[in-house]
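Visitor: Taken in sequence, the protein lines are chains U and G. If you're matching positions, the first sequence starts at 1 in the numbering used here and goes up one per residue. If you're matching positions, the second sequence starts at 1001 in the numbering used here and goes up one per residue.
Errors might be hidden in some of the hints.
[Said to hold, decoys possible] If we take Cβ atoms under 10 Å as the criterion, some of the chain U residues that face chain G in the derived model are: (1) Glu15; (2) Thr86; (3) Phe88; (4) Ser94; (5) Glu102; (6) Leu103; (7) Gly106.
Think of the hints as simulated: they come from the structure by calculation, not from any bench. Even for Gly, the Cβ is constructed at its ideal location relative to N, Cα and C.
Listed below are the residues making up each chain.
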Amino acid sequence: DGGITQSPKYLFRKEGQNVTLSCEQNLNHDAMYWYRQDPGQGLRLIYYSQIVNDFQKGDIAEGYSVSREKKESFPLTVTSAQKNPTAFYLCASSVAQGSNGELFFGEGSRLTVL
Amino acid sequence: SQQGEEDPQALSIQEGENATMNCSYKTSINNLQWYRQNSGRGLVHLILIRSNEREKHSGRLRVTLDTSKKSSSLLITASRAADTASYFCATLNTGFQKLVFGTGTRLLVSP
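Based on the sequences and whatever the hints tell you, model everything.
Guide: In structure tokens form, the structure reads like this:
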């Protein structure tokens, strides 16, 4: 079945540690996105990538980093520079820039800083 | 930046009733989309309406768009307990760059 797989589903981190969230898609989509969701809030865009080896900052990129070495994969690293990293992280993909922008989401990763 | 603002923030109804939620946005758009999110899960795309369309239907869903007022509404008819979820509007700007999501409406449908 085609879709987006995020892992891990739950992650605990000590302060000062970097953690990497995995996002893999087999939809053959060009564009991939990372969003952050806080309780009772909407989604805020962290980073997005429209093509392999290229990515752009979203609205809240500080303290995060990404890579896009393969079309299928778009991992997100939450660095120690992110002051309030506890949140629900959602990865999504879409066919391509210039398409209608419909997003397909993974099931999310919940990060808790201890 | 948050583009859309949903209203109401929360809505509680009985099964069989209709649920209406509204979305307002700020800039010119190419299209507006509605998504559903069950608690602790990812979002699922429900319906898309283009800027040159005024109304669209899909099953029990009806979406309207008023570009002069920069607003949209989502109507769920004959609601079911399984419709309990959060609903988000999202707008694609005219540059086709990225979707911007609103703050969501939490819908509770009681049996």
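Visitor: Taking the hints in turn, state whether each one holds.
Guide: Hints versus structure:
The closest approach between the C-beta of Glu15 of chain U and any C-beta of chain G is roughly 24 Å, which is over the 10 Å cut-off, so the hint fails. Interface hint at Thr86 of chain U: violated, since its Cβ lies 15 Å from the closest Cβ of chain G, which is beyond the 10 Å cut-off. Checking Phe88 of chain U against chain G: minimum C-beta separation of about 8 Å stays under 10 Å; hint holds. Interface hint status for Ser94 of chain U: upheld, as the beta-carbon distance to the closest one in chain G is roughly 8 Å, under 10 Å.
Residue-level restraint check for Glu102 of chain U holds (minimum Cβ-Cβ distance to chain G is 5 Å; threshold 10 Å). For Leu103 of chain U, the interface hint holds, the least distance from its beta-carbon to any beta-carbon of chain G being 6 Å, beneath 10 Å. The restraint placing Gly106 of chain U at the interface with chain G holds, with a minimum CB-CB distance near 5 Å, inside the 10 Å limit.
In the structure shown, a violation is registered for the earlier hints numbered 1, 2, in ascending order.
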